[in-house]
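From first to last, the protein sequence lines stand for chains A and B.
Note that my numbering has the first sequence beginning at 1, numbered continuously upward.
Note that my numbering has the second sequence beginning at 190, numbered continuously upward.
Everything labelled a hint here was simulated from the structure, so no lab data went into it.
Please note that the accuracy of each hint is not assured.
Said to hold, decoys possible - Straight-line C-alpha distance at most 30 angstroms; calculated DSSO-like pairs for lysine-lysine:
| no. | chain 1 | residue 1 | chain 2 | residue 2 |
| --- | --- | --- | --- | --- |
| 1 | B | K220 | A | K80 |
| 2 | B | K220 | B | K261 |
| 3 | B | K541 | B | K577 |
| 4 | B | K286 | B | K577 |
| 5 | A | K183 | B | K577 |
| 6 | B | K541 | A | K183 |
| 7 | B | K261 | B | K577 |
| 8 | B | K220 | A | K183 |
| 9 | A | K183 | A | K80 |
| 10 | A | K183 | B | K286 |
| 11 | A | K183 | B | K198 |
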Amino acid sequence: MVNDMGTREALASDDAPLVTAKHGTAAGQSDTVVASAVTINRPAAELYAFWRDFANLATFMENVERVDALDDTRSRWVVKAPAGKTVEWVSRVTEEAADRLIAWEAEADAEVPNSGRVEFRDAGARGTVVTATIAYDPPAGFIGKVVAKMFQREPAIQARRDLRRFKQLMETGEIATSARTLKQLEEQD
Amino acid sequence: MRALAWHGKHDVRVDTVDDPEILNPRDAIIKVTSTAICGSDLHLYDGYIPTMMAGDILGHEFMGEVVETGPKSTLKKGQRVVVPFTMACGSCYHCGKHQYSACDNALPADNQDIAQELYGQPMSGLFGYSHMTGGYAGGQAEYVRVPFSDVGPIVIPDGIEDEKVLFLSDILPTGWMAAENAGIEPGDIVAVWGCGPVGLFAVQSAFLMGADRVIAIDHFPHRLELAKRFGAETINFEESATYEALMLMTGGIGPDAVIDAVGLEAHGFFVDNVIDQIKASTFLGTDRIHSIRQAILACRKGGRVSMPAVYGGFVDKFPLGAFMEKGLTLRTGQTHVQHYMPGLLNAIVEGKIDTTFLISHTLPLEEAPKGYQMFHDNQNEVTKVVLKPGLALAAE
Ligand SMILES: NC(=O)c1ccc[n+]([C@@H]2O[C@H](COP(=O)([O-])OP(=O)(O)OC[C@H]3O[C@@H](n4cnc5c(N)ncnc54)[C@H](O)[C@@H]3O)[C@@H](O)[C@H]2O)c1
Ligand SMILES: [Zn+2]
Ligand SMILES: [Zn+2]
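Given only the sequences and the hints, what does the whole structure look like? Please build it.
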């Protein structure tokens with residue numbers, strides 16, 4: 001499970017989020033943890049509702065092909081893999097608080113153990129601060145490659161790009177593209 | 190359609206490419222009637238802007254007729270519009286503050302990484318100006334896809350010819366914002382480095398904002414002549430010592446406000462490999478920071494420095510000591526075009542601002558490569574080249 005980014009351990013000497021620590025891992029285990037924050041000029045309730053409908057995640061998460069809700073807390077994630085393949089796992093909501101927080105975790109038999117947490121904090125006139133934290137335990141072999149692709153070379157970059165797309169969609173109703181033709185747009189995907 | 194594409198240093202060609210299409214709900218397609226070559230385009234032409242790719246369509250100063258609209262566009266087919274070179278969404282925090290060139294959402298998410306690494310935060314998207322600013326196709330073409338068409342383009346009333354309003358797309362607001370950033374007070378003496386389009390519009394704007402005297406600096410006699418026409422006094426830096434002349438012309442005090450409208454000019458700001466190794470790469474100081482250095486030294490104590498000129502990377506020997514000790518203020522930035530367009534359109538309609546004086550050459554789009562070469566080789570006489578996609582057809 002991912003630590004709450006805002007919570008400081010007793011020994012911390014500053015107020016910076018834990019994942020920015022230069023030494024040691026924030027999660028305390030072998031997990032890779034990435035966190036990214038973005039401020040979105042929309043109310044927290046709207047952003048929460050969009051995210052909680054997990055099927056929507058595929059619209060802005062580049063490597064997520066599809067998320068199907070199985071019941072109120074479980075969903076099947078279908079993620080793009082190299083050579084046109086996909087990998088799948090089932091995620092379960094582990095914690096939620098309306099308009100504030102959603103945390104999820106892949107079920108125990110997942111090929112890629114991973115968990116995530118997104119928090120929505122009211123930021124007054126600026127809208128809502130959205131902080132996403134994702135932890136995963138990168139395996140070796142084929143699946144390792146999938147994970148590497150999913151999170152790209154630098155996992156933080158992928159998370160940041162996904163959050164930017166979420167922000168664009170919520171603030172402008174569309175995701176920016178510099179393509180000139182439909183063909184170019186499809187090639188970029 | 191036909192479009193002017195970049196293929197490398199001093200190699201631009203008019204190519205046949207696929208027409209643009211509506212891709213997002215707020216898009217519109219504009220049929221270009223007039224488009225200009227900008228001083229900033231010369232930086233691309235000279236191969237100094239990184240993240241350019243062969244086939245990129247250039248042009249960020251353009252206007253035309255709306256021919257197609259997405260379901261969320263508020264434009265109507267047949268309307269004539271001028272398009273701001275800074276793309277902005279109109280709904281993010283920065284757009285809310287009218288800081289349009291700082292829009293959060295106009296750059297595609299993946300393109301934001303470069304500027305995030307280089308500048309700390311990504312800026313807005315620009316038309317036809319490298320992949321760091323989005324990789325959007327530009328307006329030196331028959332047609333352009335214009336995103337956020339419900340908040341950017343300004344509709345031009347009938348009966349006003351293109352030549353009068355085309356420069357609302359960039360250089361007129363840029364010259365105006367330069368003067369505004371100089372915080373001009375009545376009685377001020379303002380010095381402007383560079384009498385290109387930006388400098389010349391800054392001269393006009395400074396007088397409109399109440400400057401008592403404006404001193405314009407350049408080395409091209411014809412450009413200095415144009416500045417003189419608007420009431421500026423001139424210094425030709427090849428014939429006179431600029432700092433000494435300014436001191437004598439201001440009674441030893443220095444100008445109250447100084448404006449750098451020169452920029453990195455034909456000097457590159459960084460070596461290649463910029464995408465992969467931005468943090469590690471070596472940045473070359475631009476020796477043309479000469480103008481901002483000189484402006485800071487000449488400025489009076491407690492004075493204001495305005496810098497519309499474009500710089501991209503790091504510089505050497507920036508006079509930080511003079512800047513601090515004299516307590517100067519610096520204001521700069523890519524222009525917030527959308528903020529200035531309505532007021533400046535009014536000023537044009539009311540005859541308070543003239544823009545047509547600037548145009549020295551008008552060519553069909555097909556002759557764009559010749560236009561670039563002329564503008565590059567003969568800056569004295571070639572002050573602004575306007576390209577018309579429709580002109581070639583008319584001549585046949
Ligand atoms: N901030 C913005 O949004 C914005 C918008 C448009 C253009 N620009 C930038 O503004 C600058 C000027 O644009 P332009 O279209 O007028 O360019 P331009 O190349 O036509 O004009 C520059 C002028 O500066 C003169 N010059 C060169 N060295 C000089 C020196 N040492 N002292 C005095 N004058 C000198 C040149 O002779 C030339 O006349 C460029 O850097 C351009 O990229 C900025
Ligand atoms: Zn320009
Ligand atoms: Zn915006």
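* May I ask which of the numbered hints given earlier this structure violates, with the numbers listed in increasing order? => Per hint list: 1, 4, 6 and 10 violated.
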